[in-house]
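Asker: Sequence:
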Amino acid sequence: LFSFRLSFLILPPTQEPSTGGRGKLSSLRRSLNALRCRISKRGRSKPPDQFLDKFSAASATSDTRLHQAGCVAVPQAVPSDGVCSRLSVDPSLPSHYRWLSVVSLAVLYNIIFVIGRAVFWELNKQASVLWWILDYLCDFIYLTDTLVHCHEGYLEQGLLVRDAPKLRKHYFSKQRWWLDVVSMLPTDLAYIWWAPTSCAATRLPCPIIVRINRLLRLPRMWEWFDRTETATGYPNAFRICKVVLAILVLIHWNACLYFAISYALGFSTDNWVYNINGPKNLTLSRQYIYSFYWSTLTLTTIGETPTPENDAEYLFVVADFLAGVLIFATIVGNIGSMISNMNVTRVEFQNRMDGVKQYMAFRKVGGELEARVIRWFAYTWAQSGALDEERVLAALPDKLKAEIAIRVHMDTLRQVRIFQDCEPGLLEALVLKLKLQVFSPGDYICRKGDVGKEMYIVKRGSLSVVADDGITVLATLGAGSVFGEVSVLEIAGNRTGNRRTANVRSIVQVM
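Each residue of the sequence shown is one higher than the one before, counting from 4 in the numbering used here.
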């Protein structure tokens, strides 16, 4: 059930619980015409076929007028010649987001496999042709991304800059351009003196380590993370996935470092380093799985790994434990915070309900009333999740609030005949006054003689207009019905003033 607060004059509904003569309806129409003149200076137009299109068209007209008046309503492109415009990239387009996804995959490939192939020689030897194809495909993506990055448009005083020379100047004015350049340096030329095939248990790291500069493209992956977190409908779940990915990458890097230190100290020289003796220990799967296992136990500070036997091993383990404590304490804290935020609405609602229950128990209000209150809480949560719409939308300007409200409540407003002939400006002003209210079965929405401060629109459920005895049903109101508007109007000759003229009671749960 929606209610309008006072200070608005509303066109009368087709179903009116109270009785009134033709003179009252004529006065009501005259009042509405006066209100229309005050709210909108535009002439009356024929109502379009689509209810929502009417509102959208009004918004577009309003934006156009603001722009012509010198106000920036929506981002516009800065005028530029055709060639420069074609060389620019709009970062708000879905195609740009898809391109960032491709770049992020290339960065993730280098993050995982450059370090891994530099240490695990068997991994570098297997499918060498495939590695060459993937390596230089990523290099091509990096090169293309540099061209895209230096021509990305940006907002200047709310306007999208599309001038190519200005975009390049803006790109080189930032500190990140040198990361793009360094990440593309052809360090693979070192293969001329250091063949990538010269990698074995007796010679680590593998030559692929010269491609480690490709990891400097990591900020583009962070940009994709930020864009996805903003766009997704499940930001908390995405944040958890991002943290899990960071954990796996850290464990992977530490596993590679452990294997490299084992090589430097000598495989099988003591119990702490990797034991390379035996055919199973020479396989890639055993080498990587054991290193990953050791890294997981160490970084999570679980321990239960072989005891170090020399100073270098002790120093490495101490550094690993300290890093594990700091990194994983931060990560676990973030995960706990994210999980708590996922249920924050439910927790707040539960706390409010518990407070009301404790109050009712303390005041001994009675079991029947307490059960009604609990049913009301349960129904409110089931229907709307107990969202405080005003608090959620408080940061938005009134124009966006109105557009969101009319789309959310479009089905309800479309059923109300009094809104079919309203100008978009009037509809936009009215929809901002909507406030959702929920009533349990048997609740009185209003009683005859009460001071009226709201009018009501039934969104869901049914109500009955009852006589003073509370038994005789005079009328039944359903979804789309409107009542209570007579009490908020100043109609000449209305003897009741702003008093309610009928009793309205809910039959089922009403909202």
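Any given hint might turn out to be false.
The list that follows gives simulated cross-link-like pairs (lysine-lysine, DSSO-like), each with its CA atoms no further than 30 Å apart [stated by the list, open to error]: (1) K451 x K402; (2) K245 x K177; (3) K451 x K438.
Distance windows between CB atoms, simulated [as the list claims (entries may be wrong)]: (4) L150 x R417: 45 to 55 Å; (5) A315 x V252: 22 to 32 Å; (6) A482 x V335: 25 to 35 Å.
None of these hints come from the bench; they were simulated from the model.
A quick note: this is a predicted structure, and the numbers were derived from the prediction, not measured.
Using N, Cα and C, we set each Cβ at its ideal position, and we do this for glycine too.
Asker: All hints are to be evaluated individually against the structure, with a verdict given for each.
Answerer: Verification of the hints:
A hinted pair counts as satisfied when its Cα atoms are at most 30 Å apart, and K451 with K402 does not qualify at roughly 37 Å. Under the criterion of a C-alpha separation no larger than 30 Å, the hint pairing K245 with K177 is consistent with the structure, at around 26 Å. Taking the CA atoms of K451 and K438, the gap is near 22 Å; set against the 30 Å cutoff, the hint holds. For the pair L150 and R417, the beta carbons lie near 49 Å from each other, so the given range of 45 to 55 Å is met.
Here the CB-CB span from A315 to V252 is close to 25 Å, well matched to the stated 22 to 32 Å. For the pair A482 and V335, the supplied restraint of 25 to 35 Å is violated, since their beta-carbon distance comes to about 49 Å.
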